[in-house]
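Enquirer: One-letter residues, chain by chain:
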Amino acid sequence: MSAPTSSVGSDSADSGRGAVYDRGYRPYEGPRGRRGAATLALYKASMRRALGLRRTWRQKVAPFVLLGVVTVPAVVNVGIGYVLRDRFEPFEIVTYREYVGVSAALLLFVALVAPDVICPDRRQKVLPLMFARPLLGTDYVVAKVGAIGTILFAFSFLPQVVLFVGNMLVSDAALDYFTGHLDVLWKVPLAVLVLSMYYAAIGCALASLTDRRIVAGASVIGLFLLTSISSGIIVGDSQFEGGSYGALLNVLGMPLHLRDVIFLGHIDPSSALSGVGGGGWLALACYLLVLGASSAVLWWRYRWVER
Amino acid sequence: MSIEPLLRLTGLTKQYPGVTALNDLTLELPPGRIGLVGANGAGKSTMFRILLGLAHPTAGHVEVCGIDVARDPIGVRSRLGYMPEHDCLPLDQTAADVVSTFGELSGLPARAARQRASDILDLVGLDEARFRPIGGFSTGMRQRAKLAQALVGDPVLVLLDEPTAGLDPIGREEMLKLVDRLGSFGISVLMATHLLDDVQAVCDHVVMIDGGTLVVSGETSSLLERTGLVTIDVGHHTDDLVAALARRGVTAVAADGLVEATVADDAQMDLLRDVVAELGLPLFRLSTRLTSLDEAFVRRSGELA
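Chains G and X, in that order, give the protein sequences. Quick note on my numbering: the first sequence kicks off at 13 and runs consecutively. Quick note on my numbering: the second sequence kicks off at 550 and runs consecutively.
A couple of the hints might just be wrong.
With a Cα cut of at most 16 Å, we get these calculated EDC-like pairs of lysine to aspartate or glutamate [unchecked claim]: (1) G/137 x X/641; (2) G/199 x G/110; (3) G/137 x X/634; (4) G/137 x X/823; (5) X/726 x X/746; (6) X/726 x X/753; (7) G/72 x X/641; (8) G/137 x X/636; (9) X/726 x X/671; (10) G/137 x G/41.
These are computed hints drawn from the structure, not numbers from a lab.
When you get a sec, could you build the whole thing from the sequences and use the hints?
Expert: In structure tokens, the structure reads:
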């Protein structure tokens, strides 16, 4: 197939009985992309890594078990709805809004995957090789956060699709169900996007600070535990007395407040932030602040060109 | 002859706080295999970082293939391949995966990158190991994999930082053979090393730097001068030969089990041969000695000082 004459610098043994062909080297003359192509390539490679594709089966277990786990509520809801379809009119153990919150379980996924996608590049000194290519630090960050964010989005969104389609099919009139829930079609993707980009950015920012996966994973879990516990202590029982600013300390909960605003148009009455004046705007400000801080950390860690 | 120079450095200076890594380097280098020689800390790696656009020079400017690095670092990087000195490959991925991913990062479409990764791994002798994780590779295989990732994007110039570091003699020989072949593929090489023997073996052009300052730059052959010394290997009969040569009026000394004789002309060369024959000694080697690059380096550094 590869004629030795077509390659540069090939040597061929000149024997009558047979020849060993050294295929030599062929220059590449096809199309060649620049930053965009490199960023896309890194994005795809990071997604493959996070999902355990082209890796051993053990690396595939965590992501797909997690996807299974977050889909269980949808399946259960649809299943019970099917069994009880003639007895109760609308059956719901989980609403679309609450289900976005279930996806917060994906935090575990972030703690596991963000360090795995980010830390080895620094630990194994792969970064100099990457930045010796047509790729800037910002491209690297976009590719990595984008890859984790995309998976988080998909893992939060797919169960919602199962829930929606399932509910539609077990309802008495599928079309009526569909037209009756049109708002879900934009609220769910938007809320899920808010949640997944937030977790992806925080996970990547924390992972970029260390080259040890275990430390990075523990910091992700630690940050969320610490802030939610301390927020819980400060808030105390104040949600019954008009809410508390302490709820804003809960880093984990921030996108859930925004989810409530998206679905309900206001902060959920049962939330600790309910009753705080301008709570929705405060939550949005804190959300953007955390997102901005994460981006700043990432920008700082990957400003690769020395001045 | 006006060939577009591969590299043009003009007054290149790089200062770190308290250290001058490169000091006013002005150079034009033709395409080919170039050895960048200097002791550890001479500024080789700094020069690589500047060529890749990963460090900004304090003064001066650099052109690679006619492109100004400061103006279009991305354009320069898509023409370069880089093989760092240290380990730099993801250990839990297969060589095929790593090299094809780096091909894509160099801007190749996924299919082309996979195809080229396979070809290049074949070229560097890793065809059978390409589906094994790099973590299980020997040092020699890792060096080859590093070279493969530098070549997969079809660069105009590859920057090799100490490519033979940590290799056993056979591995080193094979790596040098690969570097030597790159020239015939139309890929220029800039090889940083502190091993002058490596440069002497494969490079057409040598640049020597010391403490960030240019010591000498020129064709390898022009730096290797005849010394008028002849080395003769006659096994352990060195003393007999030295004495016999002295009787015929030829100055000779025994050193390291060899005889070194100073000859003025061809007639004296013939005389050497005749003396060995008359004494009935075994003649293992009779060669004109060239200065080694080491000597050239030491001498030029001395002149500069």
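Enquirer: If a hint holds in the structure, say so; if it does not, say that too.
Expert: Hints and how they fare:
1. G/137 x X/641: 13 Å, holds
2. G/199 x G/110: 12 Å, holds
3. G/137 x X/634: Judged against 16 Å, a Cα distance of about 11 Å means the pair holds.
4. G/137 x X/823: Violated: residue 137 of chain G and residue 823 of chain X sit about 61 Å apart, past 16 Å.
5. X/726 x X/746: Answer holds: residue 726 of chain X to residue 746 of chain X is near 13 Å, not above 16 Å.
6. X/726 x X/753: Roughly 14 Å separates the two Cα atoms, so the pair holds.
7. G/72 x X/641: 14 Å, holds
8. G/137 x X/636: 7 Å, holds
9. X/726 x X/671: The hint holds at about 15 Å.
10. G/137 x G/41: 30 Å, violated
Checked against the numbered hints above, the structure breaks hints 4, 10 and satisfies the rest.
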